[in-house]
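Kindly generate the complete structure, drawing on both the sequences and the hints.
Here are the chains, one letter per residue:
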Amino acid sequence: MRYLVGNLGHLFVIISFIAALLAAVSYYKSAQLEESGWKKNGRIAFFIHTAGVLGVVIFLYIIIYRNYFEYHYAWSHSSKYLPFYYKISAFWEGQEGSFLLWIFWHVVLGIFIIALSKDWESPVMFVFSLVQAFLTSMILGVVLFNLKIGSSPFMLTREVIEAPVFQINPEFIPQDGSGLNPLLQNYWMVIHPPTLFLGFAATIVPFSFAISALWKKKYTSWIKPVMPWSLFAAAVLGLGIIMGAYWAYETLNFGGYWNWDPVENAIYVPWLVLIASIHTMLIYKKNHTALRVSFILVIATFLLILYSTFLTRSGILGNSSVHSFTDLGLSGQLLIYLVFFTLISIFFLYRNWKKLPVSEKEIDVYSRDFWIFMGTAVLCLSAFQIIIPTSIPVFNAILNNLGIYSNMAPPADQIVFYTRIQLWFALGIGILTALGQFFWWRKMKSNKLFYEFAVPLVITLLVSTLIMVLSDIRELPLLLLITAAVFAIISNGITLIRFNQSPYRLSGGAVAHIGVALMIIGIVYSSGMSRIISLNRSGMLYSSDFPDEINKENILLFHDQTKEMDQYRMTYTGKRIKVKGNYFRRDQFLPASDPHYLVAREDIYHGNILSIPAGDTVKYNPENTYYEVQYEKPDGQVFYLYPRLQENPNMGNVVSPSIKKAAFRDIYTHVTVVAEDEKEWSDTEEIEISIGSTFFVNDYVASIEKFQRIDQIPGTALNENDVAVKGIITINGMSKDYQLEPVYLIKDNFAGRIPAENEALGVRITILNILPDKNSVQLGLNTAQKDYIILKAVEKPMINILWLGTLILMIGFTMAMVRRSREHTR
Amino acid sequence: MKKTHIFGIVIIAIAVMMIIITAGDASTYVSFTQAKKMADDGNNNKIHVVGQLKKDMSGKVEELFPSEDMLSVSFTMIDNEGREQRVYYNEPMPPDLVKSEQVVVIGSFNEDLFIADKILLKCPSKYQEEEIKL
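Sequences listed follow chains A and B, in order. Using the working numbering, you'd call the opening residue of the first sequence number 1041 and step up by one each time. Using the working numbering, you'd call the opening residue of the second sequence number -11 and step up by one each time.
The set of hints was computed from the structure by calculation and includes no laboratory data. Everything hinted at is true.
Facing chain A, a subset of chain B residues (Cβ under 7 Å, in silico):
1. ILE(-1)
2. ILE2
3. ALA3
4. THR10
5. ALA14
6. THR16
7. HIS36
8. MET58
9. LEU59
10. PRO80
11. ILE94
A few chain A residues that don't get close to chain B, going by computed Cβ distances all over 12 Å:
12. LEU1149
13. HIS1328
14. VAL1509
For glycine and all other residues, C-beta sits at the position ideal for the given N, C-alpha and C.
Here it is as structure tokens:
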């Protein structure tokens, strides 16, 4: 029965592949012959394809959800204890699953196209089906003439991994999966990939229309139906990118939301080009120019999506990226996919180039088209500047294949490298969105220019001067950027107010531009003005050879030690575990038989509220340790942050930040290094001291106060003749005192010793002997490394303006989309 | 000449400039000997050096010294040409450093010390687990 699920799944993969090919052929015939019979065949084939894809999705999910670890996909991406929402992320953690997600969205979009696009259906669906055939071939998992085509998600664990256990018992089923990558166990990873892939998928619609237009020589009528789709793609893809950035901010310890990592760049570039294509299509709609550019940009967007797929999935990025997929040996297939569609596009463009209608009108500098076109150029150049360095590994591979040795490496500091140049593009975009808006609504003459611009310019200068006075920004490029962004907000705001006739006429463009400008301001502050607050001039030298003093970006905190950092007094108050959403000490619980459960040792309070009554069993994740750090502000206010370390036996250790979110600034904190869990205890030091006197242990002052006779020792049955005493020892910690209670007992005439230890202080004390005649005691002392953390804390001002800007941008896209689709259907 | 042509020329000029900047800022993979020579010639570009930590016969890492305050670390690295080099890293020692089978340091020479701004570690493939636990 369990094997049936996989076999059916694989069968459905094959069915959906063949159906996609059949749909492509049928739709091709239908488009060529303009005949409804073939169109019907195409629809039937595409519906079969749809059913097949849905089947694959369902069967793969069953395998993951029901923990069928005999399947490699479930085994390598999921585990028994994974909550169901992370089982959804496990679905697309692997290459196969993420291809499947992409395929799934194409199917959904395809159905919309069939339902909505009338005359365009056959040629558009031909391109759709062709893409689907290529994509399903990636998960086909069929070997033809020694050639592996695709990698099936329904492979059995024993087919993928050679382990001796399978030779003994081929039916062996692993007890547990190896789990989801801890980095991906985050709620954003449940929604970010589907959003991103929907954005990916949506770019196929404009591409298919453009190719169809060239093929069927309907050079101009495609723009209208494509506009809403392009806006949809831009909104969804943009949202997906920002979600990824937010995930990186919350989960990774890069210290930010954008790292100019090749994977990020690879998806940001097509988005920029997509935005550019929307603008040229707008120009075309109003003025019938820029048709050729529109064709090129729409097609380029899709090809760049394929290129980014190739970059992230072929393994070519190798060491240069933090998060690329593991190589499944599909690079050849991916390359064919990319080259095939590139060649098709070039072929159609070349054949029709001369026939594309061109307007003979000269571009007027005072027309809005000129300024929008400038904006498009800036967007494209910005994309170009990003894609070139990102492709360095590709250039290396090409050169090395040609026999030329190349040792080029990506820029040493990506963030500095890209921001230094991209800043100027952002400046251009800020200014042009402002100018474009003025020229948008009326063709302006030079003599009126001054009056139109005077008011917004004056307001801009006032506002940005105010911002500059109030903030510490002193770098000229950042000041210019802020001014440009303020200018964009004000001019777009004026446009909105002035032309606010009806909600449907409201300019989504102006709203979107305000969003972009706010994002620029948010980025300038949160990144440009981000400040490492754990920075300290250590007075240390690199080496005795050269005398430069260096700054340290991390701070070392011993348990319960308080250090001044920036305006805060920081104390590391110990390790915590997370139970029911709150943080508790591990020693408040006893282990349960299942390692993912704990039993409360005592009534456990959170604040004043009884959170877990004694004896209750609670679920927790043993991989996670949280390090409680207390921040005390100068006014005495206290808040706690809980940076996390996740120790995953298969994936290694993962550090995640804890962020104090506030309206105007976030405090971002992560541990860099923590003390090792397994302590190496020193050799026993024996001392003899009298009751009441003090001694030193691990640099702490300690004293033994008294002895107490006890009647019960947990885990040991005491007889009438047995004697047990505990010593009460106080250790003066850095911020508070600790009590240690080692036990000495005489049971059945044998002496027993139960040492007491304090992990935080790295102290273990054993009562070796009690000497009543001398009123003294012999103690055995062991010491170990005190518990400590090294952490980094960064302040990110105004980051909320970035998220607010994103939201407004999305609203702008949606408004524009609604407006364009109304226009189209009218 | 039409305005569109000027426009096109300007865009191409900027694009070419981008390529030149990239080529200028792109780092390179070199050996310590080449890197030292570059530094001596006054070329302060940050470069990538690939190598391993110095290990003794039993595979234990040698000459690895975290600083007293644990906030920085210095170690000896052997590049692919076999040259030994002291490397200083002004960050706490990455926990996986000892386990790494390959190290890429990105930085530049300062006198005879290589200052790493960034360290990339390649650890025994933990993301592609090959073992089945019973």
